[in-house]
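J.: In case you want the letters, here they are:
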Amino acid sequence: MRMPLLALLAKEPAHGYELKAQLEQIFGEAYPSPNIGQIYVTLQRLERDGLVRSQDVVQATRPNKKVYELTEAGREALVNWMDRPSDGPRVRDDFFMKLVLSQLTETSDRLGLINRQRRHYLGQMRSLSVLAEEASDRRIPRLLIEGAMLHLQADLDWLQRCQEELV
Amino acid sequence: MISGGERFLLRASKLTKTFDGDGSAVQAVRGIDLALRPGEFVAITGPSGSGKSTLLHMLGGLEPPTSGQIWLAGQRVDGLSQARWAVLRRRHIGFVFQFFNLVSNMTVADNVELAALMGGATRKQARARRIELLADLGLAAKADAAPARLSGGEQQRVAMARALANRPSLLLADEPTGNLDSAASRAVLRLLGRAHADGQAILLVTHDARVASAADRVVSLFDGMVMDDAAVRQSARPASLPSVLKLRG
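Residue numbers (the working numbering), protein chains in the order written: chain A, 8 to 174; chain B, 773 to 1021.
Just so you know, these hints were derived from the structure itself, not from any lab. If you're wondering where the values come from, they're calculated on a predicted model, not measured in any experiment. Be aware that one or more of the hints could be misleading.
As the list claims (entries may be wrong) - Computed far set for chain B versus chain A, every beta-carbon distance over 12 Å:
{"#": "1", "residue": "G793"}
{"#": "2", "residue": "G803"}
{"#": "3", "residue": "D805"}
{"#": "4", "residue": "A807"}
{"#": "5", "residue": "G846"}
{"#": "6", "residue": "S853"}
{"#": "7", "residue": "R856"}
{"#": "8", "residue": "R863"}
{"#": "9", "residue": "G891"}
{"#": "10", "residue": "I903"}
{"#": "11", "residue": "D908"}
{"#": "12", "residue": "D916"}
{"#": "13", "residue": "A955"}
{"#": "14", "residue": "H979"}
{"#": "15", "residue": "M999"}
Claimed, not checked - Covered stretches of chain A, as calculated for chain B (at least 3 residues, CB under 8 Å):
{"#": "16", "stretch": "18–28"}
{"#": "17", "stretch": "154–161"}
Beta carbons: idealized from backbone N, C-alpha and C, even for Gly.
Construct the complete structure from the given sequences, taking the supplied hints into account.
T.: In structure tokens, the structure reads:
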């Protein structure tokens, strides 16, 4: 959660609850709703690392609140992150391990493994379709779901390649 | 001809198809058993060359099997002549193809009405059915347009209206989203889902996992044989997106 918090603070200083509300507003259901404790722990670590600094703001009727702002080092870390290409999701090596090793161990047949995996992916695909329908008028979650569906399609295509080569 | 009371709407047994290549025979389908209940939605998947389109064409009477049997609503149909198959299709089967195959010199409305008329409807019934279907598919405003004026997604929706015009017992589709972009695919998928919810039996061939995952059952072909035939079970109903996906960062 470090980078999203730095990005929000690049716009303007804010306190923990504001950051939580902004995350929820921007990502909608596409982001696991952050709990406030998690946000404060992350902010403390960012401060320890010199990427943000905080100031106590005195409130008349309530306890003081801490307002965080980005430091120069924080801005640099954010820009570095933004400018760096991201790795794609890792290939499912757990399944591939099973597939390759299944013949050594004679614990499972390869066709059975592939069939089970295909059923699992199709089940996931159906879940995503349901979510995609529900999110059809909200662009950010919809795009995230669409990305996941395209990855699943690739996984299924690759499963077919495994079947062609190994079964 | 199609009567109720049958356990299966469509059944195939030991179906094979051999094409004569240059000097060598190619076995495209090698002994497939398949059954579809009334109202069931089944997707056939597999790599290209696995025999899935050949299978669909045999089940729709577009291609005669080399051997094996096919029953449609209890009637043996594998030995029917092309002419008898044509009658059967007009009345009982709707067909959707990858490349729409609309009649280009007829309007959208006439494309749909013609299918209803050929299925035995009167002019008045055909017109009413066409109006109902086009409205349903969001195409009422395009009724008088030529198919070529429509986008690919719209043409495929018209093709679906045409396929459903004769209220078929069985809807067959060959890669119905194969030539469409993501948004148009979603629209076709939604229409298939709605037709299925209304009790329409659907058998389709697809490479698109989104389409396959909407089916009740997925049959996986490989090298002309069935490798798997299994119900699609949605992974436990996700409460929310984050329970399925996690953004990193």
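J.: Are there hints from earlier that the structure breaks, and if so, what are their numbers?
T.: Checked against the structure, the hints that fail are numbers 13, 14, 15 and 16, while the rest are satisfied.
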